[in-house]
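J.: The sequence shown runs 0 to 284 under numbering that gives the first Met the number 0.
It should be emphasised that the hints constitute simulated quantities derived from the structure, not laboratory data.
Treat each hint with caution, since some may be false.
What the hints assert, rightly or not - Simulated crosslink set (EDC-like; lysine to aspartate or glutamate; CA at most 20 Å straight-line):
#  : residue 1 : residue 2
1  : K67       : D32
2  : K252      : D263
3  : K36       : E249
4  : K43       : D263
5  : K36       : E273
6  : K259      : D190
7  : K146      : E136
8  : K169      : E138
9  : K43       : D7
10 : K252      : D32
11 : K36       : D217
12 : K13       : E273
13 : K252      : D92
14 : K43       : E273
15 : K259      : D32
16 : K43       : D92
17 : K43       : D217
18 : K169      : D145
Claimed, not checked - So the derived label-pair ranges between C-beta atoms look like this:
#  : residue 1 : residue 2 : range
19 : D131      : P80       : 12 to 22 Å
20 : R200      : K252      : 40 to 50 Å
21 : K13       : K252      : 37 to 47 Å
As the structure is a computational prediction, the values presented were derived from the model and not from experiment.
Glycine included, each C-beta is placed from N, C-alpha and C at the ideal position.
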Amino acid sequence: MTIQRITDALDQAKAQNRAALIPYIAAGNPLADSTVKLMHELVKAGSDVIELGVPFSDPMADGPIIQKAAEHAIAQGVGLPQILEMVAAFRKDDVVTPVVLMGYANPVERMGQQAFVDRAAASGVDGVLIVDYPPEEVEQFGQMLDKAQIAPIFLLAPTSTQERVAAVGKVARGYVYYVSLRGITGAANIDTEDVARQVRRIREHVSIPIGVGFGISDEVSASRVARVADAVVIGSKLISVMNQACEGLESAKQTDAAVKAGHDWLAGIRRAIEQVDKRSAEQTA
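Work out the full structure: start from the sequences and follow the hints.
T.: Written out as structure tokens, the structure reads:
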């Protein structure tokens with residue numbers, strides 16, 4: 000399935016006249032054995048695609064919340080091999096929901112690009128977003144992913160030139176991730192009018208769906224982004240909600256607390272997105 004799973008999920012959301020919902024969670028947070036249970040619960044809450052963060056010691060594009068989650072996961076021994084096992088475990092009960100790995104080049108290079116692609120495909124990974132692999136420099140890696148039918152997903156930002164947008168438009172599969180803010184994840188409030196302008200600019204070169212993330216922290220901001228984007232990507236606030244639910248609890252109770260908090264909060268975001276009449280919104284954007 001792989002890329003087709005992503006395409007099917009986003010097509011289904013479009014057919015339902017809504018933006019897709021893509022939560023990001025840091026694998027191994029709050030506990031190493033909580034991730035698979037959490038993934039299933041996020042699907043029940045309305046996730047169309049799950050982005051699974053691969054912890055890295057120097058996550059340059061991530062804010063303090065995701066950095067702390069990554070540090071917590073690494074301290075528990077969670078790395079890329081363990082995360083691929085998590086995806087395989089998730090696939091035993093869910094062969095529909097797409098899973099995208101998001102992380103940095105070092106863990107992939109350490110495993111070896113071809114070994115990573117082979118193991119990712121065998122585990123049931125559908126897409127990968129490697130933050131520090133620019134489209135101009137990953138021709139061989141892109142060919143490996145293409146052969147395995149895994150989508151190479153790329154970031155675009157407000158500072159991306161038209162040339163960069165065009166380069167991404169030629170090689171990206173699945174969807175493109177537009178970073179709505181200048182800065183790190185979990186930063187300040189989002190300017191949705193600017194996001195609308197940028198999405199229109201990107202559509203000149205990109206024919207696949209455009210997801211928008213960074214700065215989406217509640218139902219209001221999610222609804223506003225859902226009016227102009229094909230998918231709403233949300234990470235830092237979700238992680239923050241789950242981590243707050245775990246504060247002061249013994250380890251044995253943290254997974255259930257995180258799962259319930261994550262489900263309840265994300266279900267509210269999904270309801271808010273569903274209330275947006277997307278076809279009408281796009282006509283007036």
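J.: Against the 20 Å threshold, does the CA-CA distance of K43 and D217 hold or violate the hint?
T.: holds (19 Å)
J.: Assess, step by step, whether the Cα of K67 is no farther than 20 Å from the Cα of D32, and give holds or violated.
T.: holds (18 Å)
J.: For the range 37 to 47 Å, tell me whether the beta carbons of K13 and K252 fit it or not.
T.: Check passed, 40 Å falls within 37 to 47 Å.
J.: Mind checking the alpha carbons of K169 and E138 for me, to see if they're no more than 20 Å apart?
T.: Between K169 and E138 the Cα gap is close to 12 Å, so the pair holds against 20 Å.
J.: Tell me if the straight-line CA distance from K13 to E273 falls inside 20 Å.
T.: holds (11 Å)
J.: Would you mind confirming whether the straight-line C-alpha gap from K43 to D263 stays at or under 20 Å?
T.: holds (10 Å)
J.: Between the alpha carbons of K43 and D7, is the straight-line distance 20 Å or under?
T.: Cα-Cα ~18 Å, so holds.
J.: Between K252 and D92, does the CA-CA distance stay at or below 20 Å?
T.: violated (24 Å)
J.: Take a quick look at whether K146 and E136 sit within 20 Å of each other, Cα to Cα.
T.: Distance ~18 Å between K146 and E136 Cα, so the pair holds.
J.: Holds or violated: K36 with D217, Cα cutoff 20 Å?
T.: violated (23 Å)
J.: Starting from K43, check that the Cα of D92 is at most 20 Å away, please.
T.: This hinted pair holds, its Cα atoms lying about 13 Å apart.
J.: What's the verdict on K169 and D145, does the C-alpha distance respect the 20 Å limit or exceed it?
T.: Holds: K169 and D145 sit about 13 Å apart, inside 20 Å.
Violated hints for the displayed structure, listed by number in ascending order: 5, 6, 11 and 13.
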